[in-house]
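S.K.: Residues per chain, in single letters:
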Amino acid sequence: MAGDLLHNPPGIDRPEPVLAPDQTYATIDAKISSIVLQRPLHAGWMAATAFAFALVCMLMLAITYLLLRGIGIWGVDIPVAWGFAIANFVWWIGIGHAGTLISAILLLLNQKWRTSINRFAEAMTLFAVACAGLFPLMHLGRPWDFMWLIPYPNSMWLWPQWRSPLVWDFFAVSTYLTVSLLFWYQGLIPDAAALRDHATKPIPHTFFGILSLGWRGSAHHWKYFETSYWLLAALATPLVVSVHSIVSMDFAVAVVPGWHSTIFPPYFVAGAIFSGFAMVLTLAIPLRKFYGLEDFVTLQHLENMGKVILVTSLIVAYGYFEETLMSWYSSDKFDWSMMVDRAFGHYSFAYWLLIFCNVVVPQTLWWRKARTSIAWLFALSLIVQLGMWTERVVIVVQSLHRDFMPSAWHDYYPTVWDWITLIGTLGLFSFLFLLFIRSLPMISIHEVQKLSHERDEEGAGKREEGRETAPARAGS
Amino acid sequence: MEHAQRATSLPRLYGLLAEFDSPERLLEAARQARQAGYRRMDAYTPFPIEGLAEVVGFRFNLLPWLVLAGGIAGACGGYFMQWFSAAVNYPINVGGRPLNSWPSFVPITFELGVLCASLTALIGMATLCGLPRPYHPVFNSPIFSLETKGKFFLCVEATDPQFEIRQTWQFLVRYGAVGVFEVEHWKR
Numbered sequence: 256m257a258g259d260l261l262h263n264p265p266g267i268d269r270p271e272p273v274l275a276p277d278q279t280y281a282t283i284d285a286k287i288s289s290i291v292l293q294r295p296l297h298a299g300w301m302a303a304t305a306f307a308f309a310l311v312c313m314l315m316l317a318i319t320y321l322l323l324r325g326i327g328i329w330g331v332d333i334p335v336a337w338g339f340a341i342a343n344f345v346w347w348i349g350i351g352h353a354g355t356l357i358s359a360i361l362l363l364l365n366q367k368w369r370t371s372i373n374r375f376a377e378a379m380t381l382f383a384v385a386c387a388g389l390f391p392l393m394h395l396g397r398p399w400d401f402m403w404l405i406p407y408p409n410s411m412w413l414w415p416q417w418r419s420p421l422v423w424d425f426f427a428v429s430t431y432l433t434v435s436l437l438f439w440y441q442g443l444i445p446d447a448a449a450l451r452d453h454a455t456k457p458i459p460h461t462f463f464g465i466l467s468l469g470w471r472g473s474a475h476h477w478k479y480f481e482t483s484y485w486l487l488a489a490l491a492t493p494l495v496v497s498v499h500s501i502v503s504m505d506f507a508v509a510v511v512p513g514w515h516s517t518i519f520p521p522y523f524v525a526g527a528i529f530s531g532f533a534m535v536l537t538l539a540i541p542l543r544k545f546y547g548l549e550d551f552v553t554l555q556h557l558e559n560m561g562k563v564i565l566v567t568s569l570i571v572a573y574g575y576f577e578e579t580l581m582s583w584y585s586s587d588k589f590d591w592s593m594m595v596d597r598a599f600g601h602y603s604f605a606y607w608l609l610i611f612c613n614v615v616v617p618q619t620l621w622w623r624k625a626r627t628s629i630a631w632l633f634a635l636s637l638i639v640q641l642g643m644w645t646e647r648v649v650i651v652v653q654s655l656h657r658d659f660m661p662s663a664w665h666d667y668y669p670t671v672w673d674w675i676t677l678i679g680t681l682g683l684f685s686f687l688f689l690l691f692i693r694s695l696p697m698i699s700i701h702e703v704q705k706l707s708h709e710r711d712e713e714g715a716g717k718r719e720e721g722r723e724t725a726p727a728r729a730g731s
Numbered sequence: 019m020e021h022a023q024r025a026t027s028l029p030r031l032y033g034l035l036a037e038f039d040s041p042e043r044l045l046e047a048a049r050q051a052r053q054a055g056y057r058r059m060d061a062y063t064p065f066p067i068e069g070l071a072e073v074v075g076f077r078f079n080l081l082p083w084l085v086l087a088g089g090i091a092g093a094c095g096g097y098f099m100q101w102f103s104a105a106v107n108y109p110i111n112v113g114g115r116p117l118n119s120w121p122s123f124v125p126i127t128f129e130l131g132v133l134c135a136s137l138t139a140l141i142g143m144a145t146l147c148g149l150p151r152p153y154h155p156v157f158n159s160p161i162f163s164l165e166t167k168g169k170f171f172l173c174v175e176a177t178d179p180q181f182e183i184r185q186t187w188q189f190l191v192r193y194g195a196v197g198v199f200e201v202e203h204w205k206r
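So the protein sequences, as listed, match chains Y and F. This note's numbering numbers the first residue of the first sequence as 256 and each following residue consecutively. This note's numbering numbers the first residue of the second sequence as 19 and each following residue consecutively.
Calculated directly from the structure, the hints in this document are not laboratory data. It is possible that part of the hints are untrue.
[What the hints assert, rightly or not] With a cut-off of at most 20 Å between alpha-carbon atoms, the simulated EDC-like pairs for lysine to aspartate or glutamate come out as follows: (1) K167/F / E709/Y; (2) K167/F / D277/Y; (3) K367/Y / E709/Y; (4) K562/Y / E578/Y; (5) K167/F / D711/Y; (6) K167/F / D550/Y; (7) K367/Y / D550/Y.
Only chain Y is shown next, with the shape it has when bound in the complex (with noise of 0.2 Å):
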């Protein structure tokens, strides 16, 4: 039939389900919240909620020394007074933008597959975006006069100064940081309610009730919820191509060669995608392997995810490809010097680094093998959060090391506080994602659950084409 064959052409392989077929309401509701409420701690989770709370310490300890000691016990210096701490923030925040992606502007896109994958996506970004707060602050070097940057009536009779990019990166991040955590929670209210009402011990019915804040399902409740949800979604849309739009003008409104370029917002909105993506397939794919979430989170959605990594890798590389043509075409004895620099100077191995992670590695994912090997995926997830973290490295040393002035030139070298403070943020954001998964529903039961009904309507609506559905009477 020719329909048939438009529908399902020969040699095409259909795509698979965003959600396994034999999943009803009821199991839906039971694995995901059971996961939450009835599995016993696993040695596992505790094994690995153990090493990341040692990693946490190890950040204390880290941040305590920084305090007593200053931030000369980092490898900054001038010219390099940016160094790790602020290449960690960008890289952070950056990992943070997938889930607001997937959140909003998949929902908008109507994209189906993002259900599943929405919630704790949004928890990643929440916990990267925490991360990435601390470094801001930490380089501050007088971390407890940060709240000079809020407007407030201070003795000193000052304000803020609105014209600096720095000032607009703190209210992005913090308005980001605040509607993300909203957009996050309006989402678990009715699955707190689930877990309320299946919460048959004391202290976890009075957690989630509480969490709840009384929500019963009604129609009225649901017409709201949607309202405020879609409208959470279309605000947050131009929010998260703001924030790191904001944080690439900490760079590009300076004079420093390498940083002053327009293509510097759309490239480092592009980066952060890329790298978010890589972070959401990290933790994916361990995440569906150990909880049995495969029916929940299938090959489709990391293959799609895949697809994103693709065409962001592609945006970037187009803004690597960019800096370097402007660089010379502008004839700018600094900025080209620049350049070669960045290609055959001291940093050149984490500038080719950079290129082989960002651009030719991606690259396979053009082969449908390659985007569903799940083995591949992760490696490929791992390469990539490598490549960004070497990219923002990149830019904030290798342009500030050759200053304008070849006396001022001079080397940046990290010192074991500045890895012990980027491996303790590993730490943190790995310690409150477990914290996450073990206490709240890490996929949201009431949005899979729309999906199921969803594809049962598509399902009747094909079984009962041309046939009238007569009202349903029973027990009368």
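Add chain F to chain Y, keeping to what the hints say.
M.R.: Only chain F this time, still in chain Y's reference frame:
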């Protein structure tokens, strides 16, 4: 004292809770109930069902307007704060640039607009839903906790002028309820 008086003067019955197997049956029953003249009712579902709210009496959605107002207030307030501090309260001449340098005020204006609109969205949603509200009579029904397991409920409230326990009961069963339960105001 007042509370005790109210407690004794209120009727025992809050309403009848009818359980359905599928959202389609619930929607159909709610439509029939509306046609039959029932007005005070609400439906309880584990996920949003399109068109259900209107059938059980949802009329005007104020929320988008609140969010719009919140966003405008946030953006205007944000711009005002920057203009007032940079041009009036603490003017600093930076390289002869205008004091009211509006292009550099745009990012913070935008951020504060989004922030206030988002806060209005969540707080407005909770307020319009009447949340937080830890107690509600439907929670007294032991069957209600099955909601998230994929059961769909229609509650016809006893305050409805048409409500008559036997007739309403039969009505609900006729339109596909797999079970009908009394909901009481207080847990016994």
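S.K.: Keeping to a limit of 20 Å between CA atoms, is the pair of K562/Y and E578/Y held or broken?
M.R.: violated (25 Å)
S.K.: Against the 20 Å threshold, does the CA-CA distance of K167/F and D550/Y hold or violate the hint?
M.R.: Holds, at about 18 Å.
S.K.: Straight-line Cα separation of K167/F and D711/Y no greater than 20 Å?
M.R.: holds (16 Å)
S.K.: Next pair to validate is K167/F with E709/Y; report whether the Cα-Cα distance is within 20 Å.
M.R.: Holds, because 17 Å separates the two Cα atoms, which is no more than 20 Å.
S.K.: Take a quick look at whether K367/Y and D550/Y sit within 20 Å of each other, Cα to Cα.
M.R.: holds (14 Å)
S.K.: Holds or violated: are the alpha carbons of K167/F and D277/Y at most 20 Å from each other?
M.R.: holds (15 Å)
S.K.: Mind checking the alpha carbons of K367/Y and E709/Y for me, to see if they're no more than 20 Å apart?
M.R.: Within the cut-off at roughly 10 Å; holds.
When each numbered hint is compared with the structure, a violation occurs for hint 4 only.
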